[in-house]
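Residue numbers (our numbering), protein chains in the order written: chain R, 1 to 305; chain X, 1001 to 1314.
Treat the hints as calculated values from the structure; they're not laboratory data. No experiment lies behind these values; they were computed from the predicted model shown. Check before you lean on any hint, since a few could be wrong.
[What the hints assert, rightly or not] When the alpha-carbon atoms are kept at most 30 Å apart in a straight line, the in silico DSBU-like pairs for lysine-lysine are as follows: (1) X:K1301 <-> R:K116; (2) R:K298 <-> X:K1142; (3) R:K218 <-> R:K200; (4) R:K118 <-> R:K218; (5) R:K118 <-> R:K216; (6) X:K1301 <-> R:K216; (7) X:K1138 <-> R:K298; (8) R:K216 <-> R:K116; (9) R:K298 <-> R:K216; (10) X:K1085 <-> X:K1054; (11) R:K200 <-> R:K118; (12) R:K200 <-> R:K298; (13) R:K118 <-> X:K1301; (14) R:K76 <-> R:K65; (15) R:K200 <-> X:K1224; (16) X:K1138 <-> X:K1224; (17) X:K1085 <-> R:K298; (18) R:K298 <-> X:K1140; (19) R:K200 <-> R:K216; (20) R:K298 <-> R:K93; (21) R:K298 <-> R:K218.
[To be verified] Partial selection, computed: residues in chain R whose CB lies under 7 Å from chain X: (22) W46; (23) L48; (24) T115; (25) A262.
[Stated by the list, open to error] Covered stretches of chain X, as calculated for chain R (at least 3 residues, CB under 8 Å): (26) 1091-1099; (27) 1130-1142; (28) 1282-1292.
Note that the Cβ used here is the ideal one computed from N, Cα and C, for glycine as well.
The primary structure of each chain is shown beneath.
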Amino acid sequence: MSDAKTRPQARQAAPLRPMKEANLVRLFVLPTIILLIVMNIFPLIWSLFLSFSDYSARLPTEWGKNPLMVGGQNYKDILSDPDMWRRFITTAKYVVLSVGGEVILGFGFALLLQTKFKGRGLIQTLLVLPMTMSPVIVGLMWKLFMDPNWGMFNYLLGLGRIDWASDPSINLYSIVIVDIWMWTPFVMLLSLAGLSAVPKYLYEAAEVDRASWWFKFKSITFPMVWPLLLVAIIFRTMEAFKIFDLPMGITGRGAGAPPLLAYRIYNVGFLTWNTSMGSAMGYILLIMVIAITSIFIKYLNKAKQ
Amino acid sequence: MASIESRRGVGRIIAIVVLIAITVVYMIPLFYIINTAFRPWNVIKEYPPRLLYKPSIASFLRIFTSRTVYAPGTAPSAEQLAAMKWYERIIYEETNEAVVRTGDLPVRYLNSVIICVVSTALTVVLGTLAAYGFSRFKVKGKDDLLFFILSTRMLPPVVVVIPIFLMFRFVRLTDTHLGLVLLYTAFNVSFAVWVLKGFIDEIPTEYEEAAMVDGYTRFQVFRKIVLPQATTGIAATAVFCFIFAWNEYAFAFLLSRKVAQTVPAWLPYQMGVLGYDWGAAAAGTFLFLLPAMIFTIILRKHLVRGISFGAIRK
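Let the sequences and hints guide you as you build the complete structure.
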């Protein structure tokens, strides 16, 4: 009896062929792709459109007036604006100083950490802590730490009451110091991964030849770690170029803040509400980041082998 | 031979000493914040800062509450004092203030927790599905798609935030939890796909094939065979996504004002409001950094994998 009841249903289900793999894979992959298109690609296209127009998000939208298509005028204005060039240079300086410091210190720490001893794991864990903290809150923390009146920074270094956060002649370097503190562990971790992949027999062979420490470093250690170090450099460079949150915690974006690129974009986009100009500036930043990213991917693939 | 050995021994000891010194120096800013957070009111602004004092939790109570100062000559009576709750008494004794209401921190903290937990859950679901798809199926243009997914992660927030702001304003998602959840999910899903694909690639396919021969469907295979083996990877990815969302600032700062405001978007602007109440600022900072620190310690074995987007597997 029950057989008779279930059978027709089973027969109905039978013609439904098992989904083809090609259709099935869409169910797995499509939700992610759709989300990324809606939240990233669509805004990106919109932003590109805006960057060729004159538009303010604060005024009512009126086609032909707001937005008004102006072609490449925004880009022309940006590239002929001395303040933007000053910001390019300041940002580049910031990138070179902080990434340089991180690479030297991070690689150095990693070399030291190759020593095997009890408590090595603990030290590595402690050193890594800054890396996963919120940059803006790390900035805030250092602002307190570096305060000329009550902070400990000047006191520990035996310096006078230097105002690290507000003095416009030095606050770029304060941000560099904090960036180095925060991201040296990142370079250290990648370097350690590289160091641990160096085959032992290379060192043993060098030992037999009585090679000097420097020779081993120059011809074995460094070339083996270099691909990963490069990944770290490219990654940090990319992040440092668009830096916004860390300096916001230390200096804010007021008059005395260092002239970084991202500040200007946010100020133009959300304080003076020149939405289209902000979009164009964002695009210039994006083009620079894309250039760096493509190198990153290329070497990431190489490092993977 | 012996001299080489002892030379190496000396080098080793120097390396260890230097490492310990570096670690101590590295921890000073963190130590300073914790130290400041527990300082009682009367020694907060001492310079040079003293190291030893009787710790007080009043700073934490202050960041959790809104208060008014007792006007001179209007100290609470003995009965009022006796009726005070324990935290009210601590605050009164330290700063001569009366608690008016709960402060703004608890709401912001709760916002952060809700937004991060929901978006992490969503990210991991989407990411696991996509990672499995990319790992096990032949997808047309797989490498290009994966590159596309990774590249969205590299987008500077500043480039997309303007149109997202317009979009959110249009669909009324500005300053809502849902808005930030969607944003953080989109922000993290690329990371999740890459890292999870690495984990799923490591799971041998033999069991799945055998199960499919036995009549399991793809979804059953995914649910009953792949998911249990991928738990570690999924958990590690989830913790990473949580940390990223927890720390996010640029979007939260521009797209939330009050209702859905998270801690990073709020805390830096309290410096003025708190009237440079250093204890409270330090307490808030410490409370906010604590979860990330704990999670990092839990994650330490997977950190390299995470920061390299799954490229380096140890």
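Here is how each hint holds up against the structure:
no.	hint	verdict
1	X:K1301 <-> R:K116	holds (17 Å)
2	R:K298 <-> X:K1142	holds (16 Å)
3	R:K218 <-> R:K200	holds (16 Å)
4	R:K118 <-> R:K218	holds (29 Å)
5	R:K118 <-> R:K216	holds (26 Å)
6	X:K1301 <-> R:K216	holds (29 Å)
7	X:K1138 <-> R:K298	holds (23 Å)
8	R:K216 <-> R:K116	holds (19 Å)
9	R:K298 <-> R:K216	holds (28 Å)
10	X:K1085 <-> X:K1054	holds (21 Å)
11	R:K200 <-> R:K118	holds (21 Å)
12	R:K200 <-> R:K298	holds (28 Å)
13	R:K118 <-> X:K1301	holds (17 Å)
14	R:K76 <-> R:K65	holds (20 Å)
15	R:K200 <-> X:K1224	violated (41 Å)
16	X:K1138 <-> X:K1224	holds (22 Å)
17	X:K1085 <-> R:K298	violated (62 Å)
18	R:K298 <-> X:K1140	holds (21 Å)
19	R:K200 <-> R:K216	holds (12 Å)
20	R:K298 <-> R:K93	holds (25 Å)
21	R:K298 <-> R:K218	holds (24 Å)
22	W46	holds (4 Å)
23	L48	violated (9 Å)
24	T115	holds (4 Å)
25	A262	holds (6 Å)
26	1091-1099	violated (count 0)
27	1130-1142	holds (count 7)
28	1282-1292	holds (count 5)
Of the numbered hints listed earlier, those contradicted by the structure are 15, 17, 23 and 26.
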